[in-house]
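Engineer: This is what each chain is made of:
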Amino acid sequence: MTSPLSEFHLAQPRTVKEAIAARLEHPGSRFVAGGTDLLVNMRRGISGPDLLIDLSGIDELTEIKTNGRGVTIGSGVTIATLARNTLVAARYCALLQAAEAIAGPGHRIMGTVGGNLCLDTRCIYYNQSEWWRRANAYCLKSRGDICHVAPQGQRCHAAYAGDLAPALLVLGAEVDIAGAQGHRRIPLGELYVEDGRAHLVLADGELIAAVHLPSDPPPSAYAKVRVRRAVDFPLAGVAVALAASLANVSSLRIALTGTNSRPFLLAGTELFIGRPIDEKLLQEIDRLVQKQVQPKRTTIVSANYRRAAAAALARRMTAKLFAERMA
Amino acid sequence: MHASGPQSKGRLLKLKLNGRWREDVVAESELLVDYLREVARLTGVKIGCDGGECGACTVLIDGEAVPSCITLAARCEGRHIETIEGLATQGRLSRLQRAFHEKLGTQCGFCTPGMIMAAEALLRRNPTPTNSEIRAALSGNLCRCTGYVKIVEAVEAAAGQLHDR
Amino acid sequence: MTADPATDDRLPRRGVPLIDGVEKVTGRARYTADLDHADALVGRILRSPVSHGEIVRLGVSKARALEGVFAVVTGDDCPYTYGVLPVAMNEYPMARERVRYRGEPIAAVAAVDAETAERAIHLIELEMRRLPAYYTSAEARAPGATLLHDDKPGNIEREVHHEFGNWQQGFATADLVREEKISCAEVNHAQIEPHACLADYDPTTERLTVQSVSQVGYYLHLMLARCLEMDASRIRIVKPSIGGGFGARVEVLNFEIITALLARSAAGKVLMRLSREETFLTHRARPQTDITLRLAMRRDGRITACTCEVVQRGGAYAGYGIVTILYAGALLQGLYDIPAVKYDGYRVYANLPPCGAMRGHGSVDTRHVFECLLDRMARDLGLDPFAVRRANLLHAPTRTMNDLIVNSYGLPECLDRVECASRWHDRIGKLPDGKGLGMACSHYVSGAAKPIHWTGEPHAVVNVRLDFDGGITALTGAADIGQGSSTMVAITVSETLGVALNRVRVIAADSAVTPKDNGAYSSRITFMVGNAAIDAAKKLKAILVDAAARKLEARPDDIKMVGENFCIGSGEQASLSFAEVASAALVDRGAITVSGTFTCPPDAQGGRHKGGAVGSTMGFSYAAQVVEVSVDDATGTVTVDKVWAALDCGHAINPLAVEGQIQGSVWMGMGQALCEETRYIDGLPAHASLLEYRMPTIAESPPIEVHIVESHDPYGPFGAKETSEGALASFPPALVNAIANAIGIDFNELPVTPDRVMEALIQRRRQARLASALKAAT
Ligand SMILES: Cc1cc2nc3c(=O)[nH]c(=O)nc-3n(C[C@H](O)[C@H](O)[C@H](O)COP(=O)(O)OP(=O)(O)OC[C@H]3O[C@@H](n4cnc5c(N)ncnc54)[C@H](O)[C@@H]3O)c2cc1C
Ligand code: SF4
Ligand code: FES
Ligand code: FES
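Chains as they are written, first to last, in the working numbering: chain A, 1 to 327; chain B, 1001 to 1165; chain C, 2001 to 2778.
Read the hints as simulated data drawn from the structure, not as lab findings.
Zero decoy hints are in this set.
Restraint ranges, calculated between C-beta atoms of paired labels, are given here:
id: 1; chain 1: A; residue 1: G268; chain 2: C; residue 2: L2147; range: 54 to 60 Å
id: 2; chain 1: A; residue 1: D278; chain 2: C; residue 2: R2765; range: 16 to 22 Å
id: 3; chain 1: C; residue 1: L2147; chain 2: B; residue 2: E1038; range: 44 to 50 Å
id: 4; chain 1: A; residue 1: Q181; chain 2: B; residue 2: G1010; range: 34 to 40 Å
id: 5; chain 1: C; residue 1: A2267; chain 2: B; residue 2: E1038; range: 22 to 28 Å
id: 6; chain 1: C; residue 1: L2770; chain 2: A; residue 2: D278; range: 24 to 30 Å
id: 7; chain 1: A; residue 1: R197; chain 2: C; residue 2: R2427; range: 52 to 58 Å
Here a beta-carbon is modelled for each residue, glycine too, at the ideal position from N, C-alpha and C.
Put together the whole structure using the sequences plus the hints.
Structural biologist: In structure tokens form, the structure reads like this:
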């Protein structure tokens, strides 16, 4: 036996409605999709729900639908399915690249879009065994009083490190949230707040039903830095979507992951509209990124590196997308 | 919705294991890897890490290679699980098993069952993978002995055999 | 026998798959955790939450009272230390009074299931009084630091000071002197199989059977007898399949003794399976090391002197520490001809998991620094890296100044092979921006010529049996841990006897059946056990030939073997099948068991200086490699594009396995050089998972082209030497040299992770800006 998981029930609803009802009925319950994040944490004793509500049997969540206004990707679509989808490959390059860069092949088969967007934030003081965290008096994010990363502060700086979110952000995605009161739709960026302890704005019982993408996105790309070429979470991940007319920017979006407690769109890129893509502009992008990312000592690799690498990626990818457009 | 009354944390699980249907009572919190090793006694499924990091526990669920140590057994109802024990037919090694043996794709052998299952899923999906497709498909399986060189060669050899036929 | 030069040089040049390969590819191989444990209790260990402290109170009554708990043991249950060197056993299986690192075992339970065992662990009450803790060598050595061990002033486990030759003169007469200070991170073996142990105690017969992941069943046997105060004859150690070792399991490990203590206390069977985190905490790997090396060189590249200071942060207990710090100095020699060497080594205690032996034991970090410095000096002198190595070659047979014997020396050919295969001279200096080539050399012992437990017995014994069925069974105590040693034994026996490989079975490492063996460490098995196997097979062959001669009424000298048949002349006239000869041989005497032995002659066992036995061996393997890299200057990522590795293994008994071992060791060197590192946060491991301990995946692992060089060692079995460690140590320096070639930056820290590369690049840009600003200002 491996260390046993603390006992729980498994509910396997067939509809979103049932899932939400079960969640509201049992305050100690959690949704589980692929389980590649949640079960790892549960095995470490980080989270011990008494009921798991399995979303994988809900057919309505597993579809990829297209219509004139764009594409709708169900939250239960697996990362592998997403990466094999020809439409995604053709139109949403950043999304494809992000999907292919997630974890290992086995995780991609089980892991889902919804689970990836709702991925728990990560920290070297948090993603540890029960013995470890207890020996270290726990921390603010779970069961403890202080943050070991920023002991003076009152917030948790654990980093969000999902790969899909930045790609979806630059592609202009919106999320469809289902709750007891029905559905609501918000821009993806509004799903997150800068708080490692509670980075999602989902209310009790709410779940992500789907992601909507507009039909005509500009060319895009995603890249991440990590020590190994597979399995590793992004130390920093950057997505860029760039439209240019002649040699000038007509739209530019840059989004980041792995550096903050939420994935976010870089603010201020609209100021670049109408400007040529030259070294000066790339330097400004670099500075903008360095200013807005807030990596903290939540990984073994230094925070400075994550900042510098994020900026370097943003420059490089913008330049590359531009060069490809010109080619 | 499957009933799961608060009293009963166990349930009857019916699944196909290496081609044969079977039923067992499992706890709802039981991991697939523990079910396979402790209940079905298929100890070819290995455990190398504390959850989801090494690929030693890789098995096929409906033909796809996944880590069984972060999969709940109860979620495998009605599915086909294949382990390394199911690959050899009537004692004859499968093409991948033979290639791993002959090309020394195995040294200590601990990563081998998981590695072969990941390669098996690849070859079923893509009988003639390129070198980089092989590397991508096996990138979740760690090996500490071989430096992977002979693992890649073994998969290439197995794919070649398939191709020849 | 003692080592006679082997003469048989007519072996077929094929590779053979592992004799236990089929079990491995079918999942039938049983590793410790796979053994039948249906009726076994589950063992769990309570580990220290603090780095350094006194145990004020340890209350186990609640745990003991819990239903389903069958045994609770603590330090009180074992007042005996265990360890490697008789002079340095300062560790208890479970802490007594004092703990010295976070994760040190304090108590353990055996219960009906894992849940109960874990609950019992939580019921144990522990109060500690904290003591100051030290996590670096410098802190631990600082004046006034609390001592980890009262008898070790300055927290120094061992100092070594060796001087050979007139190094002062060497420096005085040199054209160039250069010094580098380089720091190498602590790394871990990270074999994929987590630690496990199954112990079964029968209270009626008072016998204990232990199956474990040990590389050296014999040490485990000794230590269990010591710690459990048992007569060694009542203990049986059986080795199941083992999922890698790399040195992690050379020492007896605390959980093995704890499992046995639990089994005896519960009067039954206990299975202990450590988590990956606990496997990391058990550690015993390569220490964090700071090295200051100074070399003196003539204009033509000839080294005239070398001084080296090594400081190893050894962790909380002695373990193999003394051996490691001695190896680090001794193996400065044996690769090149160095006229003068001064070595100062310090093994330091710190409040971290104990370090131990790891592949390339002791040699890797010093070799790294040496080869980096050689390259930098070559650059200073405008010499080619290959030329500098060639200017300092040894000439076999010879003895180094510290009395290491070199009977065979394939390094020159290794150099030629990788130089040519990598097209070094066509490509060096002509590669595009960000790409580079680097090279380096290394060597390693083929078994310590002086065993740790000196008993006067031979270094290795192999028994070979023949019975009525005509089957030949080789019995060896040597542990096959995945390196293929049982296959090597099968090959040497079958080749010597001239019989088919599948006529030979190997039974390995069961103390009730197989002769004692000193174990799988220091790459001793092929050399020593291989020689013993050949000796045994020769004895059996003589018996068979005599029997055939008797039956054919011929003289033994006239008997030839054709295939497995024994005949006179070409075999046309008279020929006997193997079965016929076997039955003839069994007449009157019945089943035959012959014993083959190998002993290193005393003059190979090392010089008379203190510590001189460490490093002594009958033969060194030699390696050279070239590494090609690309460096991404935006992200600091280093990619290894290709490796060319040549190793002189004397003779490749199984070329397939030799290749596999070379690739595996080169790749392990790559992990250490590029991405692997253990780090601690106030003594808590930050790396104790296979996600944070970043061993390379297949995705970034390069092709490794292997060149086998055969120098035919006069004493090796068929001329063979070791193959599985020697190539490791040349990877890290070859990589660092290649990066310097690619981007012009010398790295003085291992591993060369992207953040370190990035920092160096940023710093260089900053300096360039500063320089141009200064220039503009003047
Ligand atoms: C070794 C390893 C490496 C990894 N590397 C990466 C990596 O490089 N990049 C990366 O992005 N991820 C990585 N992951 C994490 C994970 O595999 C993926 O992010 C995956 O997509 C998560 O999806 P899931 O369905 O498995 O999530 P689950 O574990 O099922 O769920 C994660 C969280 O989301 C919640 N949730 C799931 N679905 C919904 C929904 N529809 N609505 C609301 N909440 C929901 C769950 O309650 C849970 O809190 C790695 C994991 C491992 C074990
Ligand atoms: S950032 Fe601070 S509070 Fe958040 S997980 Fe890390 S240590 Fe805990
Ligand atoms: S044991 Fe399942 S991934 Fe390691
Ligand atoms: S063969 Fe040992 S881990 Fe792969």
